[in-house]
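Protein chains: 2
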Amino acid sequence: MNKFEFYSPTKVIFEKDAEQRVGSEIKKWGGKKVLIHYGGSSAKKSGLLDRVEASLRKENMDYVMLGGAQPNPRLSLVREGIELCRKTGVDFILGVGGGSAIDSAKAIALGVPYEGDVWEIYEGKAVPKTALPHCNIITLAATGTETSASSVITNEEGWLKKGYNCEFNRPRFTLLNPELLYTLPPYQTACGVVDIMMHTMDRYFSPGGINEMTDRIAEAVLRTTIQYGAVCMKEPENYEARSEILWAGSLSHNTLTGLGRKGDWAVHQMEHELSGKYDVAHGAGLAAIWGAWARYVYKEDVMRFARFGVNVWNLNLNYENPKETALAAIEVTTDYFCSLGMPINIPELIGRKATEEEMREMAVKCTFFGNRTIGGIKVLGEEDIYNIYVESNK
Amino acid sequence: MNKFEFYSPTKVIFEKDAEQRVGSEIKKWGGKKVLIHYGGSSAKKSGLLDRVEASLRKENMDYVMLGGAQPNPRLSLVREGIELCRKTGVDFILGVGGGSAIDSAKAIALGVPYEGDVWEIYEGKAVPKTALPHCNIITLAATGTETSASSVITNEEGWLKKGYNCEFNRPRFTLLNPELLYTLPPYQTACGVVDIMMHTMDRYFSPGGINEMTDRIAEAVLRTTIQYGAVCMKEPENYEARSEILWAGSLSHNTLTGLGRKGDWAVHQMEHELSGKYDVAHGAGLAAIWGAWARYVYKEDVMRFARFGVNVWNLNLNYENPKETALAAIEVTTDYFCSLGMPINIPELIGRKATEEEMREMAVKCTFFGNRTIGGIKVLGEEDIYNIYVESNK
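So the protein lines, in turn, are chains A and B.
Heads up: the first sequence begins at 666 in the working numbering, then just goes up one per residue.
Heads up: the second sequence begins at 666 in the working numbering, then just goes up one per residue.
Isolated chain A, as found in the complex:
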């Protein structure tokens, strides 16, 4: 094991009807007046918000509500939430929904006790000295924000998207109820499965020598996700399958699957350009680019891809020609993405071929206009990134 730090202080409460414990848990942490911050109307329609409110009322807890969190959570809504909390004396924030509602809840928690404008914190112009305590109930497996120290907010003036990491961002607790995932549409379920896999794979395929305990956990997360991801697609209300995916999703991004490794993240970074340009779902973009990336870089560490094939996909190692095992591992992975209904190249992702100009532009942007390289297993510059887009465009 190389050196690492592991810190994940958020308490995880995992059970059917977990949301009904929100009142008593907030009470334990000293909360008296709660902001319930949620996303779209589905939390309302599904009865989730009713159950949350009932749980708070049962503890005689006062609360106010603010809905409307949306993907790429907006600064204006965060500011509105901060004002509301100050006016009504809120002392505990509860985020309900997907990653956006929770990121936005974290920003509100940071902003309430800060005397200036919260965006200064995201811009790096101010360091918060404290924050309101917060917790969450997630309705989508994959983002990892339910236990992480990060949040990402978008400022509509100029559409600037900025992330901020700090210890105050860590939720006191998260309530995980697999049944809340039952109503996820198949496409979102598939995107989530790919995202969970890629949070682990972008750590797994990276330099770093022997980190056997970490690699074994990464393989455990991948095998579980692959097995039960397929079940979720066929049986969206299969409790066992949803529960395995929900817990695998949380573990895949709480750093445990990459301890001692540097992480590669090239696929994530190339995908950010795709979803930025074509407004496609993150998980789908990852699936579309991964195969081309893997075939482009695997020769740098054939045995790692071969190990992935053996330990994750039960392939037999071809001792005379491990390259064959490595390539077979890449193929079986893209076949799996395919079986989930995910695109495995750019044309499948955007419904047409990307133009040369588009691919060139994305490659340039991905290097921050020549200011960085990406990747670890193979360091990728602009030409490499362009080549991978071209390979994925076939």
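None of these hints come from the bench; they were simulated from the model.
Treat the hints with care, since some could be wrong.
One copy or two, it doesn't matter: identical chains are merged, so the pair holds either way.
[Unchecked claim] Listed below are the simulated BS3-like cross-link pairs for lysine-lysine, each with C-alpha atoms no more than 25 angstroms apart in a straight line:
id : residue 1 : residue 2
1  : K752      : K692
2  : K692      : K794
3  : K681      : K668
4  : K681      : K927
5  : K676      : K794
6  : K723      : K710
This one's a predicted model, so the numbers in the text were calculated from it and none came from an experiment.
Assemble the complex: chain A is given as a structure, and chain B must be docked to it using the hints.
Frame of chain A; chain B shown alone:
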């Protein structure tokens, strides 16, 4: 996944020379005056204490020292530590050593702000309202106390041993340096390897339906421990091997390997009688009893033992007769204990056969004189426990 709670807020700092960060880390957590509480003379001789002191001095941090923690940490020393802290204004406790030094440090941290006698807390007569913050540097993989909420103290008046669990017992951080394990004698290394395996196996072999993510992590911990445990025996100063075992040891007992399962713990409970009676090492006692226990209970869940054989030991599943695979898995496990130089039955453990009376007495005691059964995969009463001792005595 069945319902579970996971909470492990202790920050883990894992690296060579981790102890040199102790001063700066305590500073981050607000400590100003530190008690360094350690065990025997080895921490002194090895230079570890010198490096700890140097790290504190570098941060201009004041400290006092108290050595002498020993296995089954004594209440009298805890009381001495509490007095010392009060007299000198200590506000942060650092435990250095094995499980005993750290458990004892936790007790001191509980006792300093408590107005009565700290033993009242362990007796359950008082509930602590606060405690001093504490951290640790461990020199032995296996106990798990470095991140846990528990501590066990022995009151010399009557030799009462009592454990106490509470959130105040959780260390702020732990510093894990694999090099500190280099000087562990082979026997202690082997005992540690068995103990790590058994912390996972006593969770793994228990009822609870499908908890695939948990089982996969348990298998990951077991495979890593088995592989690198053998290396540690041959090459005590192999950094890679010591580091894998150290991290596996911490993970094996932080609850991650049993989430959603009830845990069996019969082997641990039967072993407590053995080590109580014959004053043998806990790990050696576990190795001596496990095979007899496994052969006694495996028929209750043949497929679980078969899975263990396939996923941990790479056995081929005998589809026509999975019992054969289950029995082979038990045999390969006891063979492994043997290869570490561990006893695999009572005569090997204590150098002679146990008498009928001794075994009967241990069986009775193990049921708390008829007041409990033990185990989960198979519920064991006094006769069962006696039979298992008899099987292990052959």
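Right, here's what the structure says about each hint:
no.: 1; hint: K752 <-> K692; result: within (21 angstroms within a copy, 36 angstroms between copies)
no.: 2; hint: K692 <-> K794; result: both (24 angstroms within a copy, 17 angstroms between copies)
no.: 3; hint: K681 <-> K668; result: between (37 angstroms within a copy, 7 angstroms between copies)
no.: 4; hint: K681 <-> K927; result: between (36 angstroms within a copy, 17 angstroms between copies)
no.: 5; hint: K676 <-> K794; result: both (23 angstroms within a copy, 20 angstroms between copies)
no.: 6; hint: K723 <-> K710; result: within (21 angstroms within a copy, 59 angstroms between copies)
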